[in-house]
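Visitor: Chain by chain, the residues:
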Amino acid sequence: MNMKLRQLLLLAFVLLLPGVLQAADLIKEKSFSGANEIKVLFTGTVDAAIVGDISRYIVYEENDPDIKLALTAATVTDGGRGVILKFAEPLNSANTHVVSIRGLNGAGAVDFKVSKSYLGYLLSILISAMLINNFVFTKYLGLCVFFGTSKRKSTAKGMGVVFTIVMLVSASMSWFFYQYILIPFNLNFLQIVVFIGLVSLTVQAVDTILRKVNPVLFNSFGVFLVLVIANCIIIAVPLILANSNYNYFETFMLALGAGGGFLLALYLMSSVRERLEIAKIPSSFKGLPIAFIVAGQFAMAFLGFSGLKLF
Amino acid sequence: MTNTKSIGQLLSRGILSENPIFKLALSMCPAVGISTTVMNGVMLGVAVFFVQVFSSVTISLFKDQIHPRIRIPTYTLTIATWVTVIDLVLAAYMPGAYAKMGIFVKLIVAFAIITMRLEMFACKENVKDSFWDGVGMGLGFLVGMVVIGFVRELLGSGTILGYDVLGFKPLLFFILPCAGFFVVGLMMAFFNWIEVFYKQKRGVRS
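Protein chains in written order, with our numbering: chain A, 1 to 311; chain B, 1 to 206.
Treat the hints as calculated values from the structure; they're not laboratory data.
A virtual CB, placed ideally from N, CA and C, is assigned to each residue, including glycine.
Treat the hints loosely; a few may be bogus.
[Stated by the list, open to error] Stretch-level coverage of chain A by chain B, calculated; a stretch enters the list once three of its residues show a Cβ under 8 Å from a Cβ in chain B:
id: 1; stretch: 137-145
id: 2; stretch: 190-201
id: 3; stretch: 231-237
id: 4; stretch: 287-295
Chain A extracted, bound-state conformation (with noise of 0.2 Å):
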């Protein structure tokens, strides 16, 4: 009985297939190009008098379907099978837009979504979190630790690896939690408590299990674990991803870039830092003075990579 009803289910699935893909099945290509237009290309050629006419549009960004933007041409292309939507301002590429055309398909209207690839989208997540928004040089956080632990490269190295994972853990389960629990109970002022809790607790669990499972590297990593708590970045990233709604994808590559861009901050500090010390510097200046000047230079130089777009 139960075989047959998920046959029949197929079947209907099978059958209205067609019917939902219709509008795909116009549509070859859509995509982005430049700050305010749209590329689209048809299958096949099109008549030119209902794709030209910008009255027949009707785009919105998905999330908010009630501001229609205003189209000011659309251009025919190659020969007939393309158009270039160009609208009166600059597009949100990061969001999802909802393009309708009337009479295109005998009377109906098509509708098909333009956005960027979900991938490229979450990749310029993460190079963002670690280059153009480094923690540690364009937000100024985690600096405690930083100066503390980038003395040498062998303790940067195991303070960034070690912190990427807990971070990339406790942000997991914060995303959950906040999901889960503190939006459905209305509990939102209890984030810095909940937050900071379960972080104490990501890094007494890894502690534990690491004890357990894997002396050897616990003998070499373990005593950064206490410094991870002290770290303001590891409850920044959970604030910031309550902030900003993210899904889960999007809350992992944050943890990831946040963990990945203090690594790499702490490994360029402590190169500099272990020349440092065999350097003829002013006695005042020795230890942080000059850590500190380092790092600011650091910061200036990662101001080069606001404005960087790849996705």
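Model the placement of chain B on the given structure of chain A, informed by the hints.
Guide: Chain B only, in chain A's frame:
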């Protein structure tokens, strides 16, 4: 036990000899991140001051009930509670200033200086001494933030607390976020230099 310490000693230790920003080099993030104006420094300094004093007193009151094994989580949760209180109060009564400080108010929870004072002082001493120690450390942080904010605001935009005192903008660079590193580094070097200078002078005399 340092029960014999007077209030004055406790206060001056926090502000001068163990200043959290310049001497202990703890809680540097806000000192670099948002110290572009004196007002920002005062606001965050006051927030940290209250969290430090309240947490010190709380831990000192309950020090006999806290099992030594779970003392660190207890400290963290105590601080988190007081940070939540301050966070909500600021958001309700000073939304403008709160928006400027952004995430840093919430991040007070991860400040090493507060946990350190609880661990080193409040869990051993009586309530009165802990209170004054908290006041001293809080004021030390406040003073540090105001000094850095003063330098950056004066050099960057030529104003103090929003009032135009110079009439021109000497070096716009100091308003840029990354200048925070330079200012803090140079000030640390300056204080080191004064210390070394005085020590040498005293050495010559004796």
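Visitor: For this structure, which hints from the list above don't hold up?
Guide: Failing hints: none at all.
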